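**Student:** Here's the letter readout for the chains.
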Amino acid sequence: MERSAKRHRVSPIAWAIAPAALLFVLFFILPFGVMAGLSFLSGNPVSNPNVTFTWRHYIRLFDSDLYFDALVATMRIGAVTTGIALLIGYPLAHLMARMHSRIGHAALLMAVIAPLLTGIVVRTFAWMTLLSDRGVINTLAQWLGLAEKPLALMYNEFGVVVGLVHIYVPFMVLTLVGVIGRIDVTLEEAARGLGASRFRAFLEVTLPLSLPGILAGSLLVFALAISAYVTPVLLGGNNVLTLPMLIYQQVSASFNLGFAGALGVVLLVVSLALVFAYNTILGRLTGERQIA
Amino acid sequence: MTRNFSRRSFLKTTGAAAAATAIGAPAVHAQVPVLKTTAWGGKWGEVMKGQIIPAFEKEFKCKVETDSAFPYYPKLQSTPKNAPLYDVLHTNTSEQWQAVVEGLVEPKLSAKDIPNLADVYDYAVSDKICGVSAFTSAIGFGYRTDKGLAAPKSWKDLADPKYSGARGSYIIPVNSLGQMHLMMLGKIYGKGLTDLDAAYKALEQLKPIKMYDFTGGMEKALLSAEVNIGVLHDSGIYRYDGQNQPIAFAAPSEGVLSLEQVWNITPGTKVRELANAYVNFILRPDIQKPLSEAVWYSPSNKKVKLDAKYDEKLYNTEAKVAQLIQVDWKWYNERKDDIDARITRILRG
Amino acid sequence: MSRRFDPGRAAYLTLNGAIVAFLLLPIAVVIIFALNPTPYIAFPPVGVTLRWFVKFFTSAEFMNALWLSSRVAAIVVVLATAIGAMCALAIARGNLPGARLLTTLFLSPLMLPAVLTGLALFQVFMLSGVGRPVWGLVAGHTLVAVPYVLRTTLAVLQNFDRRVEEAAAMLGAPPARVFFEVTLPLIRPGVIAGGIFAFIVSFDQLPISLFLVVPGGETLPVVLLNYIRFDLDGAIAAASMVSIALALSAVLLLERIIGLRAYVRL
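Residue numbers (the working numbering), protein chains in the order written: chain S, 1 to 292; chain X, 1 to 349; chain A, 1 to 266.
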């Protein structure tokens with residue numbers, strides 16, 4: 001792909017970033033700043049004027065291996081969910097992008113979107129029905145003689161990952177579809193014309209060209225998976241502890257806004273670092289030095 | 001593409017108009033005083049919004065706004081004390097205690113301003129309560145009746161091996177029934193409600209135990225036989241009355257824990273008279289009756305006369321309420337963070 | 001695409017079939033729940049009834065919430081796609097310094113648990129005296145919707161053959177015309193995908209809404225969550241089904257008007 005001569009001046013179209021910048025400054029950076037500020041205070045200054053500056057919340061976080069474990073668990077669940085979502089989402093996105101039938105395409109699109117619209121709480125209840133000891137899968141497995149005792153499909157990281165993958169595969173698919181659809185089919189056909197098998201043409205032409213989509217989709221799913229609350233709680237019970245669960249507990253049940261803020265700051269900083277690193281690595285792989 | 005832009009601008013103007021209408025709405029209500037309070041949803045919310053609130057609004061010529069988007073506490077915490085988000089806070093005892101400690105609600109209600117306080121059972125205004133407990137339910141066991149197992153008689157029955165793999169409790173950091181059960185373990189296996197060491201040991205013995213984050217989850221688990229026994233309040237079982245479900249409530253012999261619905265007033269409220277009137281209203285027998293019967297809560301006003309089937313099962317006499325065990329939430333809240341950390345370690349292992 | 005390679009294609013289609021089945025499995029459960037007379041999720045189902053749908057449609061609370069959620073989501077789609085697409089173009093074409101950093105920044109609302117974003121927004125709104133107007137809710141939803149649009153649009157922009165634009169420019173088209181008649185149509189798939197996400201994200205958004213809705217003006221997820229705490233019956237499943245039907249009709253409508261073949265290469 002030829003590149004036009006690099007312009008070092010900032011192009012006028014850069015101003016198009018203004019609305020987004022305004023939105024973020026007002027509704028994200030400012031509130032986040034407030035929250036980060038709270039994490040250094042001993043209480044909420046709004047209701048309690050006698051607050052003092054303190055490192056207490058951060059010390060608590062790093063002191064106890066419980067919270068560190070939660071951070072690690074969160075990242076691990078995020079990474080596994082992303083990997084599986086990619087493996088599952090790619091074939092479907094490929095099918096959708098290459099589908100000629102308009103009806104077939106619309107049907108697949110609806111099949112992909114429908115899970116997202118059931119609503120997060122109802123959908124997680126549905127997974128509980130499927131995965132629990134007396135749920136659909138276990139009942140069928142025992143009836144078919146495949147298992148003697150109920151399989152522990154829930155209240156562990158397995159159940160959480162299944163639930164998260166299910167919710168986020170559609171995001172992966174829809175992100176990939178646009179990119180794969182843009183790949184010139186004639187390039188693949190040329191490869192096949194030169195004697196490559198379909199699989200090899202895919203591996204050496206389609207896959208590399210869809211790397212930006214893989215990058216975008218993975219980032220999206222990872223970010224969502226590490227910030228998920230409802231699914232890990234309902235499908236993991238007390239056996240899985242992620243940072244969002246901790247944050248939620250601190251906000252709603254432990255009356256501890258400062259600590260919640262500290263957890264949020266740590267989660268955000270770690271995630272941003274990971275995302276930036278991932279961005280950079282894959283950016284180098286695709287040869288894109290300009291765009292993230 | 002031009003089509004897109006005109007559609008976008010059309011939608012934008014409609015959106016702006018809708019937003020403007022929404023902002024304009026409160027201005028209309030500025031003419032009557034507004035009372036801001038909280039209310040649970042579901043059946044409770046239906047009765048509140050359908051009957052109770054309209055009756056109050058009519059009698060006192062005001063408007064009542066009820067917030068049903070739980071959690072309430074962080075929202076109250078985030079508003080200044082002299083302009084609190086709520087005038088009256090209805091929540092459970094554990095939160096009310098924390099609110100008192102942080103100065104967000106009054107430590108004691110005034111019997112002069114709320115005359116009906118004189119008619120409530122002692123537990124409703126005991127020193128374990130700040131505000132008034134207008135209703136309560138009893139925490140014991142919900143269990144399945146079709147598993148050929150005898151009804152549980154003691155809190156210790158939860159550890160019985162015959163329930164292995166089929167017992168349920170709550171995610172303790174977020175659920176007050178779970179927290180109360182923990183304290184109960186201290187009393188049953190140790191020296192009292194504050195014996196945490198005994199409680200932790202007992203919790204260890206209860207593993208594996210399925211944990212839910214709110215009572216609805218436990219109800220569902222019982223109904224689908226995911227668990228055969230679980231810590232649950234009587235309301236959670238009785239509300240299925242008439243549906244022929246093989247579930248029942250058992251009050252352990254050592255006593256039942258009290259899950260109170262507590263009303264309290266914020267110190268910074270600008271409508272103090274109205275707030276007091278509202279709490280007084282909730283305590284009226286003719287108001288307590290429909291609410292109690294809608295969700296099977298036990299009313300705290302001694303003068304309430306419930307229909308026979310409710311009267312039989314709920315805690316509506318001096319003798320019955322004497323069985324209610326109240327915990328020291330102030331003590332628990334002070335240690336909550338440490339307890340939560342310890343519990344998570346025990347259960348995760 | 002030739003259909004000569006049957007075994008490979010068969011495997012490919014089977015794999016995709018399994019994936020679609022996986023996606024739709026929980027929906028099947030929810031449908032059963034919505035039609036099952038028993039007041040809790042049970043399997044196997046004992047019958048068919050429409051009473052949960054009746055309960056849903058006759059409840060003023062549910063209907064108001066459905067209406068509010070739909071309105072807010074519609075506005076959020078417009079705002080998020082406009083803001084997000086412009087942002088993507090700026091980052092991809094604007095030669096801005098630190099483009100990668102900027103993209104990461106704009107992605108950050110996704111990584112923060114929405115409960116914190118909601119609480120922080122609530123606190124700022126209350127402190128500044130803004131209160132909780134509907135536009136505040138819209139702003140909160142737009143904030144978490146923009147990253148999706150940004151990501152999908154950027155992904156398409158990266159695979160872009162800029163020679164098409166250059167060819168148009170060389171043929172004499174002014175930059176504005178190149179933009180509207182070449183660039184925008186070609187990034188449409190990314191913008192549309194982002195728009196769909198924006199709708200879903202707003203319609204299903206829970207934690208931020210919990211903090212920013214007012215009594216009487218609650219979105220559907222908030223009403224459902226509170227309902228579940230007290231009444232665990234099929235009405236929530238019915239609500240689910242209605243949400244799906246609503247959004248799918250919107251998607252079908254979109255398909256008719258814009259032609260979702262925009263996804264497939266022109």
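Worth flagging that the hints you see were computed from the coordinates, not collected in a lab.
As the structure is a computational prediction, the values presented were derived from the model and not from experiment.
Any given hint might turn out to be false.
[Said to hold, decoys possible] From the structure, some residues in chain X lie toward chain A, with a derived Cβ separation under 8 Å:
id : residue
1  : T79
2  : K81
3  : K147
4  : G148
[Unchecked claim] A few chain X residues that don't get close to chain A, going by computed Cβ distances all over 10 Å:
id : residue
5  : T215
6  : S253
7  : V295
8  : A308
[Claimed, not checked] Heads up, simulated DSS-like pairs for lysine-lysine below, C-alpha to C-alpha not over 25 Å straight-line:
id : chain 1 : residue 1 : chain 2 : residue 2
9  : X       : K43       : A       : K55
10 : X       : K302      : A       : K55
11 : X       : K153      : S       : K149
12 : X       : K302      : X       : K313
13 : S       : K149      : X       : K81
14 : X       : K43       : X       : K289
15 : X       : K313      : X       : K58
16 : X       : K270      : S       : K149
17 : X       : K49       : X       : K270
18 : X       : K313      : X       : K156
19 : X       : K81       : X       : K330
A virtual CB, placed ideally from N, CA and C, is assigned to each residue, including glycine.
**Student:** Give a verdict on every hint.
**Tutor:** The hints, checked one at a time:
| no. | hint | verdict |
| --- | --- | --- |
| 1 | T79 | holds (5 Å) |
| 2 | K81 | violated (12 Å) |
| 3 | K147 | violated (17 Å) |
| 4 | G148 | violated (21 Å) |
| 5 | T215 | violated (8 Å) |
| 6 | S253 | holds (30 Å) |
| 7 | V295 | violated (7 Å) |
| 8 | A308 | holds (24 Å) |
| 9 | X/K43 to A/K55 | holds (13 Å) |
| 10 | X/K302 to A/K55 | violated (35 Å) |
| 11 | X/K153 to S/K149 | violated (29 Å) |
| 12 | X/K302 to X/K313 | holds (16 Å) |
| 13 | S/K149 to X/K81 | violated (56 Å) |
| 14 | X/K43 to X/K289 | holds (14 Å) |
| 15 | X/K313 to X/K58 | violated (33 Å) |
| 16 | X/K270 to S/K149 | violated (61 Å) |
| 17 | X/K49 to X/K270 | holds (23 Å) |
| 18 | X/K313 to X/K156 | holds (23 Å) |
| 19 | X/K81 to X/K330 | holds (21 Å) |
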